[in-house]
Amino acid sequence: MRFSIGRFGAPHRSGASGNRGRASGAPGASERASGAASPSPHRRMWNVIAALLVVLAVALIQLWRADSDSAPAPGGAGSASGAAGSASDASNGELTASEALSALKLLPGGRPDSGHGYSRAEFCLGDGWPDTDGDGCTVRNEVLRRDLAGVTFWSGKSTPPGCVVATGTLRDPYSGTVISFDRARAPEAVTIDHVVALYDAWRAGAQDWDADTRAQFATDPLNLLAVSGAANKEKGHATAAQWLPDNPAFVCEYAARQVAVKRAYGLRVDDDERHALHEVLSDCVR
Numbered sequence: 001m002r003f004s005i006g007r008f009g010a011p012h013r014s015g016a017s018g019n020r021g022r023a024s025g026a027p028g029a030s031e032r033a034s035g036a037a038s039p040s041p042h043r044r045m046w047n048v049i050a051a052l053l054v055v056l057a058v059a060l061i062q063l064w065r066a067d068s069d070s071a072p073a074p075g076g077a078g079s080a081s082g083a084a085g086s087a088s089d090a091s092n093g094e095l096t097a098s099e100a101l102s103a104l105k106l107l108p109g110g111r112p113d114s115g116h117g118y119s120r121a122e123f124c125l126g127d128g129w130p131d132t133d134g135d136g137c138t139v140r141n142e143v144l145r146r147d148l149a150g151v152t153f154w155s156g157k158s159t160p161p162g163c164v165v166a167t168g169t170l171r172d173p174y175s176g177t178v179i180s181f182d183r184a185r186a187p188e189a190v191t192i193d194h195v196v197a198l199y200d201a202w203r204a205g206a207q208d209w210d211a212d213t214r215a216q217f218a219t220d221p222l223n224l225l226a227v228s229g230a231a232n233k234e235k236g237h238a239t240a241a242q243w244l245p246d247n248p249a250f251v252c253e254y255a256a257r258q259v260a261v262k263r264a265y266g267l268r269v270d271d272d273e274r275h276a277l278h279e280v281l282s283d284c285v286r
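Residue numbers 1 to 286, in the numbering used here, belong to the letters of the sequence shown in order.
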């Protein structure tokens, strides 16, 4: 927060009588000519104290401003290599429906590229999820820990405590159903979905990225949701023009998340996708 600081000047007396007094060479002549008594020593002391307090207040405010201006902005970071837009801001880049509707107009357009050459390996994903921050927890477990309620953890010698999610409850954003997750019995009942599918991203510009940017995209929390395994399978690689969640309470957030991710990484939208997103988001802001 910035504040405008006014200017403080020293007291200044003006007037014709004061000028005449100084012209005569007699200090204080104007005061004596007007019959005003000279300030007492006690009053002069308080004037000095008041002036010192003003100077001290100005100095403290200037110091506060300097500290505020030098503080880093929340969520700020540099741009990721190879991606248009600030990919590293994506994890903090959620948009409201109104913001997404405005951002949609600025997304690059064009026909999707060929899907030739696509594989999960191009996004540095194999059969499992990596540990991207070196804390011993995979991205899957970090998303489960974020999205599930009533989480309990499995403890083992090879993993840190509070890392591997054993059980929890998911209110599936895609279907609206409540799922009891149990890692030991049915781990695939809850899966991690890429909101903007990897194949969609590949055709919308990701094939031109470097490997680091693809890996970042594939594990970006903004683009990941814990969802029903069945709903994830139903969605597949679909774009927003081809598939929307059955849960009406989540459609607006889903469309806004699609736009947020594509904006963060500079991905294209084709005409059908832009139209579908515009229709959904327009209904959301009415």
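Keep in mind that the hints were calculated from the coordinates and are not lab data. Hints are not guaranteed to be accurate.
Said to hold, decoys possible - For lysine to any residue, the following SDA-like pairs were computed, each having C-alpha atoms within a straight-line distance of at most 20 Å:
no., residue 1, residue 2
1, K105, D271
2, K233, E279
3, K105, A189
4, K157, R171
5, K235, I192
6, K233, G176
7, K233, W243
8, K233, S119
9, K233, S282
10, K105, K235
11, K235, V280
12, K233, D270
13, K157, A189
14, K233, R286
15, K235, T213
16, K235, A184
17, K233, F250
18, K105, N247
19, K235, K157
20, K233, R171
21, K233, D271
22, K157, V178
23, K235, P248
24, K233, T213
25, K105, R120
26, K105, K233
27, K105, T213
28, K105, Y254
29, K157, G176
30, K157, I192
31, K235, V178
These are the hints, each one checked on the structure:
no. : hint        : verdict
1   : K105 / D271 : 11 Å, holds
2   : K233 / E279 : 25 Å, violated
3   : K105 / A189 : 37 Å, violated
4   : K157 / R171 : 31 Å, violated
5   : K235 / I192 : 12 Å, holds
6   : K233 / G176 : 16 Å, holds
7   : K233 / W243 : 12 Å, holds
8   : K233 / S119 : 17 Å, holds
9   : K233 / S282 : 28 Å, violated
10  : K105 / K235 : 25 Å, violated
11  : K235 / V280 : 17 Å, holds
12  : K233 / D270 : 23 Å, violated
13  : K157 / A189 : 26 Å, violated
14  : K233 / R286 : 32 Å, violated
15  : K235 / T213 : 24 Å, violated
16  : K235 / A184 : 25 Å, violated
17  : K233 / F250 : 18 Å, holds
18  : K105 / N247 : 26 Å, violated
19  : K235 / K157 : 37 Å, violated
20  : K233 / R171 : 17 Å, holds
21  : K233 / D271 : 25 Å, violated
22  : K157 / V178 : 32 Å, violated
23  : K235 / P248 : 16 Å, holds
24  : K233 / T213 : 25 Å, violated
25  : K105 / R120 : 30 Å, violated
26  : K105 / K233 : 30 Å, violated
27  : K105 / T213 : 24 Å, violated
28  : K105 / Y254 : 17 Å, holds
29  : K157 / G176 : 36 Å, violated
30  : K157 / I192 : 25 Å, violated
31  : K235 / V178 : 18 Å, holds
Of the numbered hints given earlier, the model fails hints 2, 3, 4, 9, 10, 12, 13, 14, 15, 16, 18, 19, 21, 22, 24, 25, 26, 27, 29, 30; all others are met.
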